[in-house]
Amino acid sequence: MTWLATTLTKYPELAVFLVVGIGYWVGSFKIKGFGLGPVTGSLLVGLAVGYLVPVPVSSTAKSVLFLLFLFAIGYSVGPQFFKAMKGSGVRWAALAAVMALTGLATAYGVARFLGLDPGLAAGMMSGALTESPAIGTATEAINALPLPEDVRNRLVGHVAVADAVCYVFGALGVIVFCSVVGPKLLRVDLQREAEAVERSLGIERTGAGRASAWRPFEVRAYRIEPGGQVVGRTVDAIEHLLPGARIFIERIRRDGRIVEADPTMLVQVGDVLAVSGRRDVLAETIGRGHATEVDDREVLDVPVSAYGVFVSSRSIAGKTIGEIAQSDTPLRGVFLRSITRGGQEIPIAPGTTIERGDVVYLSGRVAAVTRAADAIGKTVMPTDATDFVALGLGIVAGALVGAAFIIPLGAMRIAMGTSVGTLLAGLVVGYVHSVRPTFGRIPSGAVSLMIALGLAGFIAMIGLGAGPHFVSAVRESGFGLFFGGMIVTLVPLFVGLYFGRYVLKLNPLLLLGGIAGAQTMTPALAAVQERSGSSVAVLGYSGTVAIGHILLTAWGTVMVLLIA
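Here the sequence shown is numbered in this note's numbering, starting from 51 and rising by one per residue.
Please keep in mind that the hints were generated in silico from the structure rather than gathered at the bench. Keep in mind that the hints are not guaranteed to be accurate.
Said to hold, decoys possible - Simulated restraints, written as ranges between beta carbons of each label pair:
hint : residue 1 : residue 2 : range
1    : R307      : R364      : 50 to 56 angstroms
2    : S355      : G277      : 34 to 40 angstroms
3    : S78       : R364      : 42 to 48 angstroms
No residue lacks a Cβ here, since even glycine has one placed at the ideal position from N, Cα and C.
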């Protein structure tokens, strides 16, 4: 153990990777679905290692990792953040803002009542509201205070300690509230409410229905027999035989020749049609009477493709899938496979609204998908290339703005901070990328690495540095911190529940998803989805999570300035 301690002191970078590795392992354990998660796991392991071994931590390395994380989190939520500022997103933005402001006000009041220093106050808030990035913004704000270095180091250590003390109830409290307490207070049955929301969107859980026609397609070949209902009809008329069902005639074999289908072409007896669509719909439209399914390899040899497409077109954004499907030429021959919004998959139904910044995954003939992609936005082609110009200069520009923006506080003048500025820069670059996908391209895998490793590594170093102060801080304020954190966790949840339901008039199920998003607690969303037996709560979550991330992260700076 002496050799290991000496080695970690000599090579502190090894201590960081050790803490991250063990922290991820500790955070992976779950009890009845609840786990600490990798960030809190890294913090606790870092505190333990830092308490046992004096590991020097580089402030430059800490800042690099944290700025990468902040830029990435801003980049990932940028499209949702600006979308929430207009249209139907305003109500969800209001919910997230009210809950964030309530959390800040409650944390400030509790901190004043308990007499907490800026470090303990900011850490209590970040842990109780389960927003670990606030540790970083609070740390930067503390380091900007005109205090002796040893005092600043102690306050920074207090941030990590208080976060660790308050996080467990913060996370567990949100999960239980959203999945158990909230539904009881609103007197709603989550499963029945989910079924009602699904019906309003056009989702049918059982049997063939309109929603099923939106699912991945198949191509089948049918030989038209005498007396068939499609004989003598044009291709366009056949494609519209069954309202709400999307089928497309791709090719026709006639007299031994294969020709591309034209909307005005008349179908004749003996034709072999290559038709794309869902099989049950094809059987209802083409195969019902006097049509025989055949295995014609040549006519079925239709080149197909599947692409993800960034939604940026104003003619598409803000419309429901049902409305879009009624559009003519640009979307003919393509099928919607899935939708992702902010990394979360959105239910596909006629009533689902497509928003700017969504990624829709389309399949169909190569020409049809290309034509549709041009009408919708920009094709997301697989690439490993990162736009380091936008990444590097974006971080520099944001950090400089944050450093230049001065907040007067009595006799002190404190900068907004490079961390908050970088977060806002990521927000802007992410939004611009959603509008102009060729600008600021960062692959999703790279963004995920920046978020995961950036935050976990930063938190690990915070824990290592705070380790020596852990025991004394817990002895000094542990009991009050824990119960103060409980209050900070619960008050915004109750305010959000009643404000969202009775002032904003939000649907109860979507509201619970929105509350989980405002607290940036994905496991709480998963708990609501599990108890409701439906994924539709994600529509509320996606409406608030971007605002929650931005405001709660910035609150670290604000709390330090308020208490300082």
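| query | Looking back at the hints listed earlier, which ones does the structure fail to meet? | reply | 1
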